[in-house]
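For the record, the sequence lines run as chains A and B. If you count by our numbering, then the first sequence holds residues 1228 to 1366, one letter each, in order. If you count by our numbering, then the second sequence holds residues 2 to 173, one letter each, in order.
If you're looking for bench data, these hints aren't it; they were derived computationally from the structure. It is possible that part of the hints are untrue.
As the list claims (entries may be wrong) - Below, a list of computed lysine-lysine pairs in the DSS-like style, where the Cα atoms sit at most 25 Å apart:
no., chain 1, residue 1, chain 2, residue 2
1, B, 73, A, 1349
2, B, 144, B, 154
3, B, 73, B, 155
4, B, 144, A, 1258
5, B, 81, B, 27
6, A, 1335, B, 107
7, B, 73, A, 1335
8, B, 155, A, 1335
9, B, 73, A, 1347
10, B, 73, B, 154
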Amino acid sequence: MVRQCPAISNISFDQDSLDAIAEIQEIHDLKKYGRIAVFLGHFLTIFGGVGLKGASGSGALRLENKMLFKLGASDANQASWNLTQVNWEYFLMSFQGLDQLALQQIEKIAYRQAHLHISKSKEYQFWRSIYLGCTPNVK
Amino acid sequence: MLNRFLLLALCLLSFSAHSELTEEMKYGSVLLQINVAKFEEKQTECMNRVRDYRLPVEEREVLKKLDASISKGLYFLYKKSFDDCTQPELFELSQTLLQLQELNKKENNKVINEQIRLIRQLVFTGSDISNQRFYDSLSEFEKDILESIPSFKKPFDSLQVLDVIQSFSQAE
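Isolated chain A, as found in the complex (with noise of 0.2 Å):
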């Protein structure tokens, strides 16, 4: 069950919660604004740049062919890498992984700033719930 925000009044932020906020604030742009999705449209290029080179038409299939699902030895460009499969398995699993990732920094952030603000009890109210998670009060 995923708990109501509290109404906390006349909160004021120490130079730790602005910065924390601010911190927050920018993990929330990477997924936001896609960030995340462009980096590994830029990484993806790199490392399927000579699987693109030969392709027509099918570019992206041919793609996703070359670099995410056809990593076997037969594949000249990987092979002397010799990556086991669950390894290749962990790098596919990355991409989705970031996005996880970017909601546990902010569950991680939250933690920490409420230990640094136990003796201010709005602040430390704000932060543990951020880091419990509660859905705003909006009607």
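Model the placement of chain B on the given structure of chain A, informed by the hints.
Using the frame of chain A, we list chain B on its own:
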């Protein structure tokens, strides 16, 4: 979840960003992604252990001697137990990150720089030095008590511990 085809479309759009990398750097960059995924998997497991943590009844009594002012020092112990839990994945990720950063000093490849920056931003938080400083500033008495608690050696929920400490002070 990112749509694979969106990624592939982005690949095509960003083809201009392509630059030649040495095989060593390509391999290092792939290894970094692999280590990120392994770390994420382990971190999720450790976070679940923190959520499942229940302070043992027999350890509650000893906490009566403390007050909530130890919170920053307690966070250091939490962080240490959490980092220990994410080993060896955290070490392997950090090592690959530093080595790739070193390799890229000469090449200064933008994509590798972005990969390193992104992963640093998504994995490392706060300063372990300031956490250590907070812990070192605790009295020997406080440190002895905190270090005597067995469940703090493994991932534990330090906010739950602080709740217990605060409930004792409120009851007094």
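Structure-inconsistent hints, enumerated in ascending order: 4, 5 and 6
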